[in-house]
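Enquirer: Below are the chains, spelled out letter by letter.
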Amino acid sequence: MVGFILKRLVQSVFVMLAVAFLAFSLFRFVGDPVSQMTGVETSLEDQARLREELGLNDPFALQFIRFAGDLVQGDFGYSFRTREPIGEMLLTRLPATLELGTVALLISLAVGIPAGIYTALRPRGLVSQSILIGTLIGVSIPTFVIGILLIFLFGVQLGWLPTYGRGDTVEIGWWRTSLLSVDGLRSLVLPALTLGLFQLTLTMRLVRAQMMEVMRTDHIRFAIARGVPWRRIRYRHALPNTMIPVVTIIGLQFGGVIAFSIVTESVFQWPGMGLLFLESIRFVDIPVMSVYLVVIAFFFVFINLLVDLIYLAIDPRLRVRESA
Amino acid sequence: MLSVAGLTVRFRHRTGAATAVEDVTMTVARGEIHGLVGESGAGKSTIGAAIMGLLPPAGEIAAGDMRLGDTDLRTLSAAQAHHLRGKRISMIFQDPQTSLDPLMTIGDQLVETILAHEDIPAEAALTRAVDLLEEIGIANARARIRSYPHQFSGGMRQRVVIALALCTNPELIIADEPTTALDVAVQAQVLDLIRKLAETRGIGFILITHDIGVIAQIADRVTVLRDGKVVEQGDTARVLGAPEHPYTKALMAAVPPLDRRLRRFAVPRVEGEAETTDLTAPAREAEDWLMSGAGGGASMGPALDIEAITVRFTGERRGLFGPRESFVALDDVTMSVRPGTVMGLVGESGSGKSTLAKVIAALVHPAAGEMRLDGAALAPMRRRTRKDPSRRVIQMVFQDPYSSLNSRHKVLSILTEPLRLYGLERDEARQDRLARAMLALVGLPAEVADRYPHQFSGGQRQRIAVARALLSRPGLLICDEPTSALDVSIQAQILNLLKELQTKFGLTTLFISHDLAVVRQMSDDITVLKDGKLVETGPSEAFFDGPRHAYSRDLLAQTPTVRFR
Amino acid sequence: MMLARLMQTEGVWLFSRNPAAILAAIVTIVVVAGAVLAPWIAPTNPYDLSSFSLIDGLLPPLWEQGGDPRFLLGTDDQGRDMLSSILYGARLSLIIASVAMGIALVLGVSLGLAAGFFGGRLDAIVMRVADVQLALPAILTALLIDGISRGILPREVHDDLRLAVITLAIALSLWVNFARTARASTFVERNKDYVQAAIMMGQHPLRIMLRHILPNIVGPLLVIATVDLASAILLEATLSFLGVGLPADSPSLGTLIRIGMQYLLSGEWWILWMPTVFLVVLVVSINLLGDFLRDLFNPSLR
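Protein chains in written order, with our numbering: chain A, 1 to 324; chain B, 1 to 565; chain C, 1 to 302.
Hints are supplied without guarantee of correctness; some may be wrong.
[To be verified] In the DSSO-like style, the derived pairs of lysine-lysine whose C-alpha atoms are separated by at most 30 Å in a straight line are:
#1 192(C) to 410(B)
#2 192(C) to 533(B)
#3 192(C) to 387(B)
#4 387(B) to 410(B)
#5 533(B) to 499(B)
#6 410(B) to 504(B)
#7 192(C) to 7(A)
#8 499(B) to 192(C)
#9 530(B) to 192(C)
#10 229(B) to 249(B)
#11 196(B) to 87(B)
#12 504(B) to 533(B)
#13 499(B) to 410(B)
#14 499(B) to 249(B)
#15 504(B) to 387(B)
No lab work stands behind these hints: they were computed from the structure. Everything numeric in this text was worked out from a predicted model, so none of it was measured.
Model the full assembly from the supplied sequences, consistent with the hints where possible.
Expert: Below you can see the structure in the form of structure tokens.
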């Protein structure tokens, strides 16, 4: 068990190192930092001095270690475009993205899992077939089109919900939340639905396939042959066995939520990290791009470590060593 | 108690309906163990499922009566049938590894089953569960009841499965191949337990199995099935001891006896398969080709010497810096196979017999030890090059005929592969001709070369696998459980074929099996392995007359025998 | 060979009984044919500035009041025929998606086959790289590659290479699917006796991988290829929508939708919705086919 956690930790550190290296290469080799930081009037000597000060003449490995060290200490450097510290820029935008992503993920799980169970248990029913066709269309519509559709329907035609920005926000320390005001919540509905809908279809199809697989296993057949009540067979035997692989995949899906939040934020002009990233690409703001990369990878790795711990908690085969 | 009359079950297919069970009549009395025996496709499991009310959606009972006591099983509603399951009829599945919910303690599974059928307090159910586990032979049940299924060994797990089937005191238990996944020693214990439960509790058992040895050991009465129809029915001693129906006779003749060595099994000719003794012209051609092998290499197999072979498998690391767990699969094994003879290699699952085969075939690398082929060093896996001459000399017939042939290649392409690979025949027309000739030699018509493996039965595929091995012009043939996936009558045919080929060409053969009776039919010498260690090795007849080692004696004693005189 | 056999038996039978799959196949074939044949069948050439004029701007589709028989689906603000724009746009989208999917397939399957077959260190390396790739989802990878190319390449060169950059970006974000599937399937096949027999006989590893294993893992790979083709189309559309994809003078479906967004609030609905509906119908059809193939290769779900 300890071995399992350690192994995953080592793997996570490896992924983080690789991503940091990628980000460093990006930072160091794509566009010359010195020419980005200085204007045309800076003399060659000044440029050379700056180069020396920034440590750009040091050996490659040393530069990378310094880069990684700075990242670990939370020193993310400065944006080429705005000259602001990247750490602060991200921090002001982090709450918006996290709130959007979390609410979207919750929507997708809260609807996707029950729908998956339902369609697995009644695969031939009319409702199931409709849901299945619905999800197939769901995975085929690009997120931005879903966004446009929702804006068109609820924003333009019906005029029920705001279609732009976060609305009113409440500050708790440095965390600006839109969860504590009515206007903020109203603003959150359409973006979160847009982002959640795609994940929802994936979750549902996954749960369904897994559950159908489990319902055919020997231990379920044995439970039926013992006359265990159907409710128990479905929810105490089949469901936990279904959720074990599903939990892992949901961890992987978090990456998808983050990625598509870029699109959603763009459609709804949601002031999160994704929008910042898009701007940084448009203006070739390499430091912001590379830091964004590291932060996203960190979240992904962190969530997946969390998932592994959940896995450990729910699967006795990992928790309890063989003792027979 | 249970009476089934005129039961007919049909399955709907995309092209129509097929009758899986036809007009089956049988009864099971209190405390009776009723064996249902037959080869694959005989419909034995379907009868069990029909009685349980658990036929798959495509299946339907077309006719017949089923009564348990005074309950008509056919008129029950779905809810009534579900309530009856577990309460009055229960079931034991084949594989204890997969029959239990891995995420729930065995105690919870027992208690939920009891509470599903009886209105008693949870503590009372738990007490009964503990008592039951004690009764069926799980020591320290009070503590063990909180364990998860993976914490039990295979045999113990099957006991837990039996406890689950038993915990509501059903009148009838249907056991579907309950010991097929178990080693002989554990099988003997589980069968004893079933016998005891039938006697002490008066439970009726329907024992579904393909293994006539198991039936002979514990069944009171037996029903022999073939193609969904009852062939013969009666007291076990009568049916097996003095079979009346030709099919039962043939079946009995195909069962390998443990107490003597047959020259060949008396099997009736099977349609479409040529008798291998009277050689057709192509078969003779294949034979001549094999005999004419370079340096007469094919006519007398080489000697194989295994010296102090040790194999370790490494597992998971215990911690970040901890050592890897390692598992010794073979521990210092030394043995020799005399040229042109058959060495039988026996042992339970996990004894390392297949690993030894893989070491010789260069599929597993030994940690230590040496091998010699006719005195010359035989390189282990990592040092054996692709062009090593031993690649051709050593050939293998695998256990599972469904996975040993590439299902995407035509039989012809599978067969000519060794000819091309080893440069034995360069001319394409000649390759084609030889491949077809070899098919004749193993008893298959030449046309099969143009088909794909999935169009053949298990026995036919195994013949193709043998033909492929022969087309390398081998000297040493490794047979790894070549018949354990086959029905007994097919097994007899394949064993006959292997015997004939071995005598004819003098192939040195390593014959691996878990079944001592099969090994006895095949081997000149025998080697017993246990937990990766060599127990004993020596001449076969002496071994069966009186094994030196206590473990071998146990093994011999636990193997079910079929003898009614 | 394997496909041919499949066609004769189960596949065709199941297909003939699945109206959704038949419809999807017809739609896909019609759309793909329309896109491929666009230069020959489209009423006008939207890249040719002389073929349209502002006078025809913002005409509604034929069946609406004020529709012009020359423009079946109406025109945009420049007077371009929408149908022609859509056909040419779909052509571009499909080219990018198929080439990207092809690159991802070759790259992913080779790596997955080798990793699954040889195992050990090679497997560990490939899988760790896949892990890293997974931590950076498809859109992010594609955006990043676009960003990098902007940083490295001078502006003019970047504009010229846009098509190549975006194709590569999509390919790189899709290879992991193929690699993981190929590896998992190879791992299963590798332990089957027919592969063990081939190894034992001393056949060349390359031959074992390509002649023995590959034909046996085609099924799941075909499913992935179909689903990934749909993903690639979506990805390209999304990138173009975000403005990092193709420029407005050679619009793909995504670009057309982005342009149409300006008309979301005005009455000219067809400029936005025509390309959108076209895109969705195409992707739904491909996904339906993918679903059918998935069920076909996983008989336990039938």
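Enquirer: State for each hint whether it applies.
Expert: Evaluation of the provided hints:
no.	hint	in the structure
1	192(C) to 410(B)	holds (18 Å)
2	192(C) to 533(B)	holds (26 Å)
3	192(C) to 387(B)	holds (23 Å)
4	387(B) to 410(B)	holds (25 Å)
5	533(B) to 499(B)	holds (28 Å)
6	410(B) to 504(B)	holds (28 Å)
7	192(C) to 7(A)	holds (29 Å)
8	499(B) to 192(C)	holds (26 Å)
9	530(B) to 192(C)	holds (25 Å)
10	229(B) to 249(B)	holds (16 Å)
11	196(B) to 87(B)	holds (20 Å)
12	504(B) to 533(B)	violated (33 Å)
13	499(B) to 410(B)	holds (27 Å)
14	499(B) to 249(B)	holds (22 Å)
15	504(B) to 387(B)	holds (28 Å)
In summary, the structure is inconsistent with hint 12 from the numbered list given earlier, while agreeing with all the others.
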